[in-house]
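Protein chains in written order, with numbering that gives the first Met the number 0: chain S, 0 to 175; chain F, 0 to 174.
Be a bit skeptical, because a hint or two may be false.
What the hints assert, rightly or not - Only some residues are given here: those of chain S computed to face chain F with a beta carbon under 10 Å: (1) 28; (2) 34; (3) 53; (4) 155.
Calculated directly from the structure, the hints in this document are not laboratory data.
Yeah, the Cβ is synthetic: ideal placement off N, Cα and C, and Gly gets one too.
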Amino acid sequence: MHFIWLSLFIFLSPLIILFFHSLFVRIFHYFKRNTPQMKIALFSVIFTNIPVLIISLIILNFDFKNIFSYIYVLLTFNLLGYFYFSIFSLSESSIRIKTIILIMKNKIKNINELKQYYSKNSTEIRLERLTKWRQIGKVGNDSYILKKYFLFFLSKIFIFFRFLLGLNNSINDKYL
Amino acid sequence: MIKVNIILFGFLSFFIVFIIHLIIWRIFRPKNDLGLLLILFIFIPFTIFTLLLICNIKNLFFLSNPEIILIFLFYFSLGLVYTQFYPGVKESSPTLAIINLLGRKKDKVRIETINEMFNSHNLIDGRIISLEKIRLIKTIKIKKEEELILTKAGQFFAKIFFIYRRILGLEEGKG
Numbered sequence: 000m001h002f003i004w005l006s007l008f009i010f011l012s013p014l015i016i017l018f019f020h021s022l023f024v025r026i027f028h029y030f031k032r033n034t035p036q037m038k039i040a041l042f043s044v045i046f047t048n049i050p051v052l053i054i055s056l057i058i059l060n061f062d063f064k065n066i067f068s069y070i071y072v073l074l075t076f077n078l079l080g081y082f083y084f085s086i087f088s089l090s091e092s093s094i095r096i097k098t099i100i101l102i103m104k105n106k107i108k109n110i111n112e113l114k115q116y117y118s119k120n121s122t123e124i125r126l127e128r129l130t131k132w133r134q135i136g137k138v139g140n141d142s143y144i145l146k147k148y149f150l151f152f153l154s155k156i157f158i159f160f161r162f163l164l165g166l167n168n169s170i171n172d173k174y175l
Numbered sequence: 000m001i002k003v004n005i006i007l008f009g010f011l012s013f014f015i016v017f018i019i020h021l022i023i024w025r026i027f028r029p030k031n032d033l034g035l036l037l038i039l040f041i042f043i044p045f046t047i048f049t050l051l052l053i054c055n056i057k058n059l060f061f062l063s064n065p066e067i068i069l070i071f072l073f074y075f076s077l078g079l080v081y082t083q084f085y086p087g088v089k090e091s092s093p094t095l096a097i098i099n100l101l102g103r104k105k106d107k108v109r110i111e112t113i114n115e116m117f118n119s120h121n122l123i124d125g126r127i128i129s130l131e132k133i134r135l136i137k138t139i140k141i142k143k144e145e146e147l148i149l150t151k152a153g154q155f156f157a158k159i160f161f162i163y164r165r166i167l168g169l170e171e172g173k174g
């Protein structure tokens, strides 16, 4: 019977992340830390592993005989955690989500207004964000250089999957 | 007791669906690919696992029903991750495009080069088309001018993200 409770608990675990995430956002804001929101979200997901593991131990009656139960819990929870993080990054940096919110708020009416909005902001926002994350660095006033290679490696994975699925895309084909 | 085969069956189920997805996408790329992706990775497997649970009430299979639920939950988590990963593969992430450009050049890159690569027009057009394809927005003509409006599904998603950011105590994202 405890497997049913365990499944239900893991299924609902993103709500625990949401709780800790909203708590950490407020704590960081209170202490006026200029930490990027993505970092706070990632930290919340990693931190929530602790309460999840503790609650799983309680549900499984502190049974340490089978380590796979805990491997299963942590693996599944972190997959859902990645999903949560992706949803948060959508709300933070997705052009699509920003577009539907801009339409909802009547801030843009047509595609030209949207293009105007992004021609001012798009590149600057991304360069600023990447510099803040210390993934890239500014050289002089008008040049940038790659500092960390994790995202570069990630972009290669995306290219591999596009090749696998036979997809093509104008920007990717030219530049990725 | 959770055995290692639960994790293995979860991976195997995902791998089978992924191969089917690969074959379908190689033969023809569906118009509403995000919709089909959800059907393929979430709704069809959910139906199959539910049927398996119903058929296995008397424990006829070599797996018990709680084990089937655990396998589905693991599979479901993998499926959700992939459905989040796919849009980034399909349409270039602007952030990764910048990173890739800087990584390949191995030297400093001027902002003009980045802007040139990345004019907002091809970015925006692709996203508007995909929002229309998944029926979150539509274009209507008002006084000979085209206007973008949200569909009911679009209004729903916009509100969900708006409320989500409010729960977190954050302003809307910068996009």
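Taking the hints in turn, this is what the structure says about them:
1. 28: holds, 7 Å
2. 34: violated, 13 Å
3. 53: Because about 18 Å separates residue 53/S from the closest Cβ in chain F, which is outside the 10 Å limit, the hint is violated.
4. 155: Check passed: Cβ of residue 155/S comes within 8 Å of chain F, closer than 10 Å.
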